[in-house]
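*Asks:* What follows is the residue order along each chain.
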Amino acid sequence: MASQLSRIMRPDDANVAGNVHGGTILKMIEEAGAIISTRHCNSQNGERCVAALARVERTDFLSPMCIGEVAHVSAEITYTSKHSVEVQVNVMSENILTGTKKLTNKATLWYVPLSLKNVDKVLEVPPVVYSRQEQEEEGRKRYEAQKLERMETKWKNGDIVQPVMNPEPNTVSYSQSSLIHLVGPSDCTLHGFVHGGVTMKLMDEVAGIVAARHCKTNIVTASVDAINFHDKIRKGCVITISGRMTFTSNKSMEIEVLVDADPVVDNSQKRYRAASAFFTYVSLSQEGKPLPVPQLVPETEDEKKRFEEGKGRYLQMKAKRQGQAEPQA
Amino acid sequence: MASQLSRIMRPDDANVAGNVHGGTILKMIEEAGAIISTRHCNSQNGERCVAALARVERTDFLSPMCIGEVAHVSAEITYTSKHSVEVQVNVMSENILTGTKKLTNKATLWYVPLSLKNVDKVLEVPPVVYSRQEQEEEGRKRYEAQKLERMETKWKNGDIVQPVMNPEPNTVSYSQSSLIHLVGPSDCTLHGFVHGGVTMKLMDEVAGIVAARHCKTNIVTASVDAINFHDKIRKGCVITISGRMTFTSNKSMEIEVLVDADPVVDNSQKRYRAASAFFTYVSLSQEGKPLPVPQLVPETEDEKKRFEEGKGRYLQMKAKRQGQAEPQA
Amino acid sequence: MASQLSRIMRPDDANVAGNVHGGTILKMIEEAGAIISTRHCNSQNGERCVAALARVERTDFLSPMCIGEVAHVSAEITYTSKHSVEVQVNVMSENILTGTKKLTNKATLWYVPLSLKNVDKVLEVPPVVYSRQEQEEEGRKRYEAQKLERMETKWKNGDIVQPVMNPEPNTVSYSQSSLIHLVGPSDCTLHGFVHGGVTMKLMDEVAGIVAARHCKTNIVTASVDAINFHDKIRKGCVITISGRMTFTSNKSMEIEVLVDADPVVDNSQKRYRAASAFFTYVSLSQEGKPLPVPQLVPETEDEKKRFEEGKGRYLQMKAKRQGQAEPQA
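Protein chains in written order, with the UniProt record's numbering: chain Z, 1 to 329; chain W, 1 to 329; chain A, 1 to 329.
It is worth saying that the hints were derived from the structure and are not from the lab. Heads up, some of the hints might be wrong.
[Said to hold, decoys possible] Below, a list of computed lysine to aspartate or glutamate pairs in the EDC-like style, where the Cα atoms sit at most 20 Å apart: (1) W:K201 with A:D12; (2) A:K27 with Z:D12; (3) W:K201 with Z:D12; (4) W:K27 with Z:D12; (5) A:K216 with W:E94; (6) W:K82 with W:E47; (7) W:K27 with A:E301; (8) Z:K270 with W:E168; (9) A:K235 with Z:D12; (10) W:K270 with W:D231; (11) A:K201 with W:D12; (12) Z:K235 with A:E124; (13) A:K201 with Z:D12; (14) Z:K201 with A:D12; (15) Z:K27 with A:E57; (16) W:K201 with W:D12; (17) W:K270 with Z:E168; (18) W:K117 with A:D266; (19) A:K311 with A:E301; (20) W:K106 with W:D225; (21) A:K270 with W:D12; (22) W:K235 with Z:E168; (23) Z:K216 with Z:E168; (24) Z:K235 with W:D12; (25) A:K106 with A:E152; (26) Z:K27 with W:D12; (27) W:K121 with A:D266; (28) Z:K251 with Z:D231.
If we strip away everything but chain Z, and leave its shape as in the complex, we get:
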């Protein structure tokens, strides 16, 4: 049942300091998830379908991966509801010269099976077989929790990143960045919509540029907040990925990333918010130790509000991490 994906990390997967981009890892995680969930959803006779990414739960980057190491990505289906599949993915880095292996990520992804005949139709998911009885009940709880959270995060579509002339260092305007990307065939499934992993890779790229502009050092992804994918992005769209810093602690930066899709050629559809998430970055010294980061200076009322919200998320995660100091699976 498990699915495994392995690949050597190359120069193009990493930044100038040799640390593999968080976005490269997120893209591999999503590929492993898409394979196992598409396989599962087609395991019974009936209409053929493709699994589309609906949500990624919050994930931490536990240790850095470097060029030349082998990434091992393993995926397993851990729960199925009537219309969705939960996939658990683990990422290990292996140094094939020394033999050292490290856990770098644990991620949870939710997929929804879309009919190949009509990609707007959601099909039913064959039930998974659980090895322990409690697994189904635990999975149902996770399913309900994420459903609730998805409801709450309806994005304010009007809110976009606005450039400012001659911004001061350490302000939000100084480091904010946007990237446009014309969706090409390699970004897409066979059925003409963008792989969730491609979107996440671009999101991490923008977040990394914001972080590098802010602190002008070697920066790496520390964690990504839950990402909800509100709508499919189709081939031929232009997507705009915008990032702005929302909060800084002593040694971390939180960056909000917004993804908007613009069906350039198709006049009938308006630009829409496709996804958004918060990325946390840290700054590393040449020896790989975390460095203090310059404090963000929020200027407008909106920026101050977002700073406080970011602080709230930061303190909540800190408390949660301390509460979890017991041994875990």
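Keeping the supplied structure of chain Z fixed, place chains W and A upon it in accordance with the hints.
*Replies:* Relative to the frame of chain Z, chains W and A by itself:
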């Protein structure tokens, strides 16, 4: 002496309609130019060097290239001055199933040899051997002409593309677009600066998005103005490529593209203008025929001035093309 | 001990008809082989090393792979001599919609461990543990056989592909093709030489162009002859890959591919032959059935000699295949 490069065009080289991006072709042209000029500049004993792109003369895209065709790019050194090399590059498309071959581009590039020990030092170029005596004199004229033109095009660094809220269709603000790109290892020569071809490919990508946003149809590159490369872009820079429409004729659009480099990590160097050029795009019907384009509505004084300048360039090229109606090589 | 590599096949991995390029598969095979052999050679304390590809045994492409399918590549060490490792690689294609799995390739690769401190020094290989006693003896026979064959194939360096003006259809000159590639960072190992898989992918690309030019239909790789890698190709080299048709049977074409490396910047080293091999291609109808191919017309004495040699290889393989008509693993 000649250098030849051939490659099958893949889905990622083309837009959704199957037409190969002008930027893909520009990138191959530059790769062929870089190989032949680097080889020539190292053909004598002495300090080792790498040839850096300094300028590309105006080039037309004479016929579209499609996925599955083979692009043949051939380069030849046509002139050398003390510190620069002129390379003439021809591009043919070959349909390997029907055997049809078409000339798609003729381009002229200028390279400068930079010392491998110190990339800020320009070395001397070994003289090329001419087969006809007049060639040297003709080359010297082209050399002087481009030198003069380079002098004249000193870029106004303050001039950047500013977004506007809720722009009206057909205005400059409506279609203007920016792209940020973090320079990665594959974008660079072995010596840590960006290949000229990579920059040109990104410039064409932005111009294409501007054109598609403006006319919402299948669009292709028709020509590129002379591009001057004012300064090297180093590994680790963030480059911002911005495009705005300057002029429309009945069936063509002119887009100005600006490239700014930001040495994010290196605090000592300010953001600088690295290159800029005008791209001309046409809109094609499903049968590949040119379509009328919506007329651009310039709003501000600057936009009106740029529109008139664009019109001047358009009329000048039109006159030149009609004057060249005599048989050509 | 086994190593597994999986990946979804994308549009860029395939030709216009949707068949995955043989070169894409060869590149994955080599990546799996490089991982497992580098890991094995570093499994004991001692000098760190990287495994460099020395030879690939003849391999057949048993069934075509398509876009959207998942390729599963598994590698296992089957023999070790004092200075080399034999790796057996199997490739399966999985259609995740229907669940169908097919064996597409079985390949045998030989690696040699090079010291990280001095890539010209070959290290010793830790012995592998065999599960059956006969395995060691069988492996030693394969090792001796390939060693003998490598000795025999000393390439004639003077023999290169020369273009001819206005060649007639079906001649060798008509379809012969060359491709020039500037080795970039992504083509290389961390230690600055080209991955064997990258070279094989380029070789297959040239062979495919030759085959398509000759028969002007959808063509696919049927098999690759043993490939010997005579010497490392270093970062910064320009490699020329040339292909020419040597022989046609009723339904297959044999193409010889030569790889020459040119250390452009480094004047002290001459251009050298890095590898060469014979690729066999077949032509497929739209329904995927093999089509007759136009007969090759050898013109010069050399071409006629190569045609006869190709015929010899073809008849030998045919006899071998008929002799193997007994059930196989």
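*Asks:* Now, for every hint given, state plainly whether the structure supports it.
*Replies:* Hint by hint, here is what the structure shows:
{"no.": "1", "hint": "W:K201 with A:D12", "in the structure": "holds, 18 Å"}
{"no.": "2", "hint": "A:K27 with Z:D12", "in the structure": "holds, 17 Å"}
{"no.": "3", "hint": "W:K201 with Z:D12", "in the structure": "holds, 18 Å"}
{"no.": "4", "hint": "W:K27 with Z:D12", "in the structure": "holds, 18 Å"}
{"no.": "5", "hint": "A:K216 with W:E94", "in the structure": "holds, 12 Å"}
{"no.": "6", "hint": "W:K82 with W:E47", "in the structure": "holds, 15 Å"}
{"no.": "7", "hint": "W:K27 with A:E301", "in the structure": "violated, 40 Å"}
{"no.": "8", "hint": "Z:K270 with W:E168", "in the structure": "holds, 14 Å"}
{"no.": "9", "hint": "A:K235 with Z:D12", "in the structure": "holds, 15 Å"}
{"no.": "10", "hint": "W:K270 with W:D231", "in the structure": "holds, 13 Å"}
{"no.": "11", "hint": "A:K201 with W:D12", "in the structure": "holds, 17 Å"}
{"no.": "12", "hint": "Z:K235 with A:E124", "in the structure": "violated, 52 Å"}
{"no.": "13", "hint": "A:K201 with Z:D12", "in the structure": "holds, 19 Å"}
{"no.": "14", "hint": "Z:K201 with A:D12", "in the structure": "holds, 19 Å"}
{"no.": "15", "hint": "Z:K27 with A:E57", "in the structure": "violated, 34 Å"}
{"no.": "16", "hint": "W:K201 with W:D12", "in the structure": "holds, 13 Å"}
{"no.": "17", "hint": "W:K270 with Z:E168", "in the structure": "holds, 14 Å"}
{"no.": "18", "hint": "W:K117 with A:D266", "in the structure": "holds, 13 Å"}
{"no.": "19", "hint": "A:K311 with A:E301", "in the structure": "holds, 15 Å"}
{"no.": "20", "hint": "W:K106 with W:D225", "in the structure": "holds, 13 Å"}
{"no.": "21", "hint": "A:K270 with W:D12", "in the structure": "violated, 36 Å"}
{"no.": "22", "hint": "W:K235 with Z:E168", "in the structure": "violated, 25 Å"}
{"no.": "23", "hint": "Z:K216 with Z:E168", "in the structure": "holds, 15 Å"}
{"no.": "24", "hint": "Z:K235 with W:D12", "in the structure": "holds, 12 Å"}
{"no.": "25", "hint": "A:K106 with A:E152", "in the structure": "violated, 24 Å"}
{"no.": "26", "hint": "Z:K27 with W:D12", "in the structure": "holds, 18 Å"}
{"no.": "27", "hint": "W:K121 with A:D266", "in the structure": "holds, 19 Å"}
{"no.": "28", "hint": "Z:K251 with Z:D231", "in the structure": "violated, 34 Å"}
In summary, the structure is inconsistent with hints 7, 12, 15, 21, 22, 25 and 28 from the numbered list given earlier, while agreeing with the others.
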